[in-house]
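Trainee: In case you want the letters, here they are:
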Amino acid sequence: MSSLPEGWDMVVGLEVHTELKTATKLFCGCANNFGDEPNTNICPVCLGLPGSLPVLNEGAVEFAIRIGLALHCVVQPSSFHRKNYFYPDQPKDYQISQYDVPINGPGYLDLPDGSRVGIERAHLEEDTGKTTHVGGTGRIHGSDESLVDYNRSGVPLVEIVSGPDIRSAEQARGYAAELRSILIASGASDGRMEEGSMRVDANVSVRRGTEAPFGTRCEIKNLNSLRSVQRAVEYEALRQIAILDDGGTISQETRHWDEDAGKTQTMRSKEEAYDYRYFPEPDLVPVVPSEAFIRQIEAELPPMPAQRRRELIAHFGDAATDAQLDQANAAVELNLDPFIVGAIEKGITPALALARTANELAGLGDDAMSLPKDDYIALLKMEDAGELSATQSKKVLADLVAAGGGDPKAVAESKGFEQLDAGALDATLDEIIAANPDEWARYREGDDKLTGFFTGKVMAATQGQADGKAVNAALRQRRS
Amino acid sequence: MNAGEVSAVALANESLQQIDSQEGEIHAFVEIQREQVLRKAQAIDDGVAQGKNMGVLAGVPLALKDNLCQHGEVTSCASNILSGWRPPYDATVVSRIETAGVLIVGKTNMDEFAMGSSTENSAFGPTKNPHDTTKVPGGSSGGSAAAVAASMTPLSLGSDTGGSIRQPAAFCGVVGVKPTYGLVSRYGLVAFASSLDQVGPFAGSVADAAALLEVIAGHDPKDSTSLNAPAPALSSHLDDGVKGMRVGLCNELLEGCAPDMVAAIKRAAEVLSNAGAEIIEISIPELKLGLSAYYLIAPAEASSNLARYDGVRYGVRVDAEDVTAMNTATRTAGFGDEVKRRIMLGTYALSAGYYDAYYGQAQRVRTLIINAFTKAYSSVDLLLGATTPTTAFAIGDKVGDPMSMYQSDICTIPTNLAGHPALSVPFGVGDDKMPIGAQLLGPALSEQQLFQAASVLEHGANS
Amino acid sequence: MSDNTRPLNEDDVRHVAKLARLQLKDEEIIRFTEQLRSVLDHAADVASLDLEGIAPTAHPLELSNVLRADEVTASSDRDEVLRAAPSVADHRFRVPRIVGEAP
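Protein chains in written order, with our numbering: chain A, 1 to 480; chain B, 481 to 943; chain C, 944 to 1046.
Any given hint might turn out to be false.
To be verified - Example chain B residues on the side facing chain C (calculated, C-beta under 8 Å, incomplete):
id, residue
1, F604
2, H699
3, P701
4, K746
5, R747
6, E750
7, V792
8, D802
9, T812
10, M824
Stated by the list, open to error - Derived DSS-like pairs: lysine-lysine, alpha-carbon spacing no greater than 25 Å straight-line:
id, chain 1, residue 1, chain 2, residue 2
11, B, K878, C, K968
12, A, K381, A, K395
13, A, K381, A, K263
14, B, K855, B, K768
15, A, K21, B, K702
16, A, K395, A, K469
In short, the hints are calculated from the structure, not lab data.
Using N, Cα and C, we set each Cβ at its ideal position, and we do this for glycine too.
Starting from the given sequences, assemble the full structure and let the hints guide the process.
Mentor: Structure (C-alpha cells):
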C-alpha cells in the first residue's frame, strides 16, 4: 500500500481542528457566522478588552461531547488552561484551551478499510481572528502590513489528536476523510476544509522497519484539503527518507505545505519553539458533565458513517460490485448518502442513484450538500424514465447545484434538452449504419466492442441528445 | 434622599467643592467627571420631584477606582499604556451603582494596574495621605481611600488583590472591605490577578460601607466565578452585636507589627470582649507562607492578563517596523517599572522548567493556607489582627526596595489566597498620630458577622 | 525541577523580558535581576517545602458547570470599537508586518 522505498515505515499522527456549528462563540454571545462584514461580530469578550470575562457556551460543550462520543472517547470532567503567546490574531495574547484534563479522553476511529486509529483526546478551545496580509504576494512573507478581523476570534473549536497510528499517506487521507464525515454526521461541524472550518496538521516521522523506535518528527501545517493531506504526508516521508539515506539527520521543526509547489518548507525550528506557559484559566470553572447529560447526548446522536455505509450497501444486496462499494464509501464520506437512500426510496434504480451521486454530485464540492434533495430526486426520475440522457442529466445537475436548487424540468427546457424521439433516433442510426457497413457487419457477427463505436457516432451526430441506454437498446434490437 | 430633603445637585456640588479645595494637595483623582455628575444629579432630582424611586443610594457621590470600566469614560488603570482609553461597556458594579442612583464624580488614582501598596506607582503621580501629605495613602486603591478620608466623596470603590482596599483604608482612617471572592462581579474590573481580585467598598462608616456592599454584591451571569448567592443582608444586622461570638486574636497578624499597632489591636480585642465576644488567642503558622505564595501566583496571573496590552486593538501604540518590535516598543514605553517587574516575575514563575518549583508550589501553599483557615474557623467565628504592620509610611521610603514594599501586605494577603472576606475598620491612631486599622477576617460569606463586629469596634474605637 | 534552586541570573531576566515582549537597558537588567532575585530568595521558603500529596489550588471557589445558553446577544458597535484602535484600515485593525506564522 505504501509507496515508500523498501524497508522504510512512516509514522503519522494528525491533529484536526474543527469549528463547531454553534449559534454563538465559545465564551460570548457574538454570532458564529462565516463571511460576515469584518469586525461586526465582536464584543469586549472576544476582543479581549480589559475587564471582560469569558462565560462558557453550553451548546459548544454539547457539540464537543457529541464528537467525543462519536469517536468512542471517554467523556470526563475537564477544565481550561491559558496558552500564552503573542500574535495579533489572538486578542488576549493567550488562547483559552484545555491542557491536562480535556473534555474527551482516549477513543478510536475505525476506517472503512478495517484499520483502527487511536484518538488521544478531543478538547475544546477558541479560534483566533483572521489576518489579511497587504502588499507583497498577499502571503505573510514579504507583506508590508496586515489587517485583523476578529469575527472568528472566540469561535469554538474542537481539536482532535490522533495517536501515532497512521502508517501511510493513503491512510492519513482516509482518517481525515472518515473523521470529516463523522464530524458532519454528528451535527457538530460542517467540515468545510476550503473555508477553514476543518484544518489538519500532520506529525510525520519515518523509521527503518516497523519495529524500529520512532524517528524525529516534523509537524506539517496548512493542509487545506484531503488531497493535500495525502500529498503532503507522502512528500514529507520521502523527504525525510532521502535525508536519512544520505546519512543526514532530521531536525524537529514545523513545516508549511505549499500546495502549488507540492512541497513542505521550514516554518520554525525547535529552537524557536514557543514556551506557552500553560496555567489554569482563573476566569473559568471546571466542566463536569453529568452521566445523565452524556447519556442523553448519546441517545440523540445521529447514525455514524460506518452504520450508514452498511445501510446503504444493504440496498444492493449481495450483488454490489467492488466499484459500487467504493462509490458507497465515497458517498458516505461526503455525507451524500441521504441523497442516494432518498432516491432509492422514491423508486429510482439503485445503481443510477449511486452512480450519479458518487460520480457527479460528489464532484460538485461542498455546495452539493445544499442542493434540495427533492430537486435531485426529480432529476434522477427524469433520467430514469429516459426523458433525459445521462449527458444531459449531468449538465442539468451542475446547473441545479450552482443555483442552489430548482426545477430540473425547467432547467432542461431552458437548455433545449428534449429527448430525441424514437423516430429521429432510428433515422440517425440508419444513416450511420449505411455509412459504416464493415463495422456494422462485424457488430452483427457479435463483436460487442463496437457498441461503443456506434453509440459514440450517434452521440456525436445528435450532440449528446440521444440517451445512451436507448441507443444500446436500438442497436441490440437491430442485431437480433 | 428619595424623600427630597437634600437635593442630589447640592450633594454633587458639595463633593465637587471639596474636591476643588483638596485635590491640588491630595491628588486622589485621575479624572473628574464634573459635567456628567451634575447632569446625573439633576436627573435624579427631577425623578424624585416626580415621585419616582431613584435608587437606594440616590444622589450619593462616589469615587471610582480607575480600573473599573465605565462606558465612554477614560479608564486607564493609571497606566500610560491605557491612557485615554474609553471602554465601550460598563463594569457590572458600575451598572449596579448607577441603577442605585449613585453619582460617580470621577476616577481615582491607583498604583498602575493595581500593582503596589502606596499609589506611588501611578503613571500620573502619587496620591498623598490626607492625614499627613508627606505620607503615602497606601495602595493600590490609594485614591479611593484618600477621596473618602478627605471628605471629597462619602463612598468610593476599590479593588483588593492582596490588600489593596484594606491597607489604604487603614492608612487613611476609613472603612475598607474585601468581600468573599465571587460575591461581587469582576466583570469590567481590569484584571490584575484574576483568582484573587475582588471589588469592594470604602466608606467613612461601617453603615455606609454596608449599604454600598449590598448594592454591588450578588450573582452576575457575565462572571463565571460569581457566586450564585444573594447579596448578604448587612444594614439590618449592624446593631446585632457580638455577644457569644468567638473571635480569634491571631498571632501571625500581630507578630512583626509595630508596638503601637499591637497595643491598638489588643485594645480592639478588649472592646469586642466587653461587648460579649469570647476572645481566643490563636496561632496559624501557615499564614506566614502567604507572602511568598502571593508574590508568585499574582505575578503569574498578571503576566498573562497584561499580555493583551500589545498596541493592536486599543491603548497607546509605539510604532516599529514589524509587529513583534511594535509590541515590544509599546509595552516597554507603556508600562512602569513595578508592572514590568511583576510581568517578568510571573513569566519566570510559569516558564518551562520553573513552573513546578514556583507556580505549582505556590498553589500547594494556597491549599495549606485554606486548610489552616478552615481549621481555625472550626474553633472561632472570626479572626482579629492588624491590617498593616505599621501606620502609613513616608512617600519615597520603599520605592527602591520592592521586597520591603511587598512586606506591607503581609497581614492582608492570606485572605485573598483563601478567597475569604475581611475588612479594615479605623481603630485609633499610632504614636505618629496616623490612623490604625483593625482587621477582621472571617470564612467565606461571613460578611454579616464581620460587619456586626466592625460596628462594635467603630463605636468602641474612641471609648 | 532539576535546576530550580539556581539563583536567577541576568540571562534569565533577558529571556523572560523577551518572552514578555519588554526591552530592557543593560542598567535595567542589572537592577531587575537583583530585585527579582530578592523576591525569589524570599520565595525559597515556599519552593523548598515538601508538599508531596498536597493538591494545588488554582482557584478559591469550588464551582463547576457555569454555562450560558447558546443564544446570540448584541455585539459591540464596530465604529466605537475601531475608534479606540491605534490604527485601522478597511474596518480592520492594522498592524505592521508580521514576522513568522502563528503557532
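Trainee: Does each hint hold? Answer for all of them.
Mentor: How the hints compare with the structure:
no.	hint	in the structure
1	F604	violated, 20 Å
2	H699	violated, 10 Å
3	P701	holds, 7 Å
4	K746	violated, 28 Å
5	R747	violated, 32 Å
6	E750	violated, 32 Å
7	V792	holds, 6 Å
8	D802	holds, 5 Å
9	T812	holds, 4 Å
10	M824	holds, 5 Å
11	K878(B) / K968(C)	holds, 23 Å
12	K381(A) / K395(A)	holds, 15 Å
13	K381(A) / K263(A)	violated, 46 Å
14	K855(B) / K768(B)	holds, 16 Å
15	K21(A) / K702(B)	holds, 23 Å
16	K395(A) / K469(A)	holds, 17 Å
Comparing the model with each numbered hint stated earlier shows that hints 1, 2, 4, 5, 6 and 13 do not hold.
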